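According to my numbering, the residues represented by the first sequence are 6 to 304, in order.
Worth double-checking, as some hints may not be accurate.
Said to hold, decoys possible - Dumping the calculated EDC-like pairs for lysine to aspartate or glutamate here, alpha-carbon to alpha-carbon at most 20 Å: (1) K93 - D275; (2) K93 - E63; (3) K241 - D275; (4) K93 - D246; (5) K93 - D255; (6) K93 - D289.
Unchecked claim - Beta-carbon label-pair distances, calculated as ranges: (7) R33 - E126: 42 to 52 Å; (8) A227 - G115: 50 to 60 Å; (9) R247 - R298: 21 to 31 Å; (10) G95 - G41: 21 to 31 Å; (11) T153 - A265: 37 to 47 Å; (12) A77 - D284: 16 to 26 Å; (13) C229 - Q271: 42 to 52 Å; (14) A31 - A232: 41 to 51 Å; (15) A178 - A265: 47 to 57 Å; (16) A77 - A232: 14 to 24 Å; (17) T153 - R247: 14 to 24 Å; (18) D284 - A227: 44 to 54 Å; (19) A178 - G290: 11 to 21 Å; (20) G95 - G296: 23 to 33 Å.
By construction, these hints were calculated from the structure, which means they are not laboratory data.
Note that the structure is predicted; figures quoted are calculated from it, not measured.
Note that CB positions come from ideal geometry on N, CA and C, so glycine has one too.
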Amino acid sequence: MDGTAHRLPAADDDPGEVLVDWYATAARDLPWRRPGVDPWGVLVSEVMLQQTPVVRVEPVWRQWMARWPTPAALAAVSPAELIRAWGKLGYPRRALRLREAAVALVERHGGVVPPDVTALEALPGVGTYTARAVACFGHGQPQPVVDTNVRRVVARLVHGRAEAAPARSADLADVAALAPTDPARAVRFAIAVMELGALVCVARTPRCGACPVRNACAWRQAGCPAADGPPRRVQKFAGTDRQVRGRLLDVLRAAEGPVAAVQLDQAWPDAVQRSRCLDSLLVDGLVEQTGDRRFRLPA
DNA sequence: GAGCCGTGGTC
DNA sequence: TGACCAAGGCT
Numbered sequence: 006m007d008g009t010a011h012r013l014p015a016a017d018d019d020p021g022e023v024l025v026d027w028y029a030t031a032a033r034d035l036p037w038r039r040p041g042v043d044p045w046g047v048l049v050s051e052v053m054l055q056q057t058p059v060v061r062v063e064p065v066w067r068q069w070m071a072r073w074p075t076p077a078a079l080a081a082v083s084p085a086e087l088i089r090a091w092g093k094l095g096y097p098r099r100a101l102r103l104r105e106a107a108v109a110l111v112e113r114h115g116g117v118v119p120p121d122v123t124a125l126e127a128l129p130g131v132g133t134y135t136a137r138a139v140a141c142f143g144h145g146q147p148q149p150v151v152d153t154n155v156r157r158v159v160a161r162l163v164h165g166r167a168e169a170a171p172a173r174s175a176d177l178a179d180v181a182a183l184a185p186t187d188p189a190r191a192v193r194f195a196i197a198v199m200e201l202g203a204l205v206c207v208a209r210t211p212r213c214g215a216c217p218v219r220n221a222c223a224w225r226q227a228g229c230p231a232a233d234g235p236p237r238r239v240q241k242f243a244g245t246d247r248q249v250r251g252r253l254l255d256v257l258r259a260a261e262g263p264v265a266a267v268q269l270d271q272a273w274p275d276a277v278q279r280s281r282c283l284d285s286l287l288v289d290g291l292v293e294q295t296g297d298r299r300f301r302l303p304a
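All chains should be modelled from the sequences, with the hints used to inform the complete structure.
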């Protein structure tokens, strides 16, 4: 007697197993999911995808992988070139951190992306989520992977709540409890939960009619109650330092060489705020000052 | 741990 | 139209 015959009936109503099968038919064809993409390609994609939509990442990821297919290749590139190649993905500090990570990979890991979560988390710009995503999707390890999609799916499916609670340490255990025991299926499960959150169990208007695990969903069984917690407020953007920094960087990205301070004046009318933001860009290493008091992307 | 760090699309 | 949202990380 092998155990297979006893596992099969359970799989029909085991949400973890159902999601793996659903993913096989519903998954998007994204370039970083294709066969042959190595852990480096996965790492680059995960950093680019931090807070940035898939559609904007796709073309940039293709360019980066064509130009810098290894950590060593990226480690040799100047910050200025990377900031320009980052384009309008946003949060350009990620480009600098990815370069720092590449340098660390060359210096500490022989130029390869390590498989263990602890070593990955030690890399600049790699936190709890990204480290597990790379270990799981890049190295095939059955790690629990928790992002905002997964927290939302678990909140509804398991806890019967409309919205994801703030990240907490128990999230990893919640997801691990849903995962199939077979390691290969556990790996696909990790990406399947994220895909469900991205395509079906979305934040604003969930498509419950298309959900493969709707019959097991605690939120649906509870009648889809509205969110009860305090309304989380979204960050402003217009008029903030983030917008001003973006404007300043825009000027420097477009310029051929160093630009005088007077050229940066046109980026934002408020001199005090403009100066503060330029200083913060210098501190962050996104801008450098030349000897003749002009400014440029760091060489 | 709350606030900061870009950008653009959607409803 | 403006709030909301998008595969987080860092301080």
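Taking the hints in turn, this is what the structure says about them:
Between K93 and D275, the direct Cα distance comes to roughly 23 Å. Violation of the 20 Å bound is thereby established for this hinted pair. As the CA atoms of K93 and E63 are separated by approximately 12 Å, the hinted pair is consistent with the 20 Å bound. A distance of roughly 18 Å separates the Cα atoms of K241 and D275; the hinted pair therefore holds under the 20 Å criterion. For a cut-off of 20 Å, the pair hint linking K93 to D246 stands: about 17 Å separates their Cα positions.
Restraint check for K93 and D255: the C-alpha separation of about 9 Å stays at or below 20 Å, so the hint holds. Straight-line distance between C-alpha atoms of K93 and D289 comes to about 18 Å, which keeps the hinted pair within the 20 Å bound. Distance hint check for R33 and E126: the Cβ-Cβ separation is about 27 Å, which falls outside the suggested range of 42 to 52 Å. For the hinted restraint 50 to 60 Å between A227 and G115, the CB-CB distance of approximately 51 Å keeps it satisfied.
Checked against the hint of 21 to 31 Å, the pair R247 and R298 passes, with Cβ atoms roughly 25 Å apart. One distance hint, 21 to 31 Å for the beta-carbon pair G95 and G41, holds here, with the actual separation near 28 Å. Evaluation of the 37 to 47 Å hint for T153 and A265 yields a pass: the beta carbon distance comes to about 42 Å. Look at A77 against D284: about 33 Å separates their beta carbons, and that is not inside 16 to 26 Å.
Taken as a hint, the range 42 to 52 Å holds for the pair C229 and Q271, whose Cβ atoms sit roughly 50 Å apart. A31 and A232 have their C-beta atoms about 26 Å apart, which leaves the hinted 41 to 51 Å range violated. At roughly 56 Å, the beta carbons of A178 and A265 sit within the given window of 47 to 57 Å. For A77 and A232, the Cβ-Cβ distance of about 47 Å falls outside the hinted range of 14 to 24 Å, so the restraint is violated.
For T153 paired with R247, a C-beta distance near 20 Å keeps the hint of 14 to 24 Å intact. One distance hint, 44 to 54 Å for the beta-carbon pair D284 and A227, holds here, with the actual separation near 51 Å. Between A178 and G290 the Cβ separation comes to about 37 Å, which falls outside the hinted range of 11 to 21 Å. G95 and G296 have their C-beta atoms about 31 Å apart, which keeps the hinted 23 to 33 Å range intact.
Hints 1, 7, 12, 14, 16, 19 from the list above are not met by this structure, while the remaining hints are.
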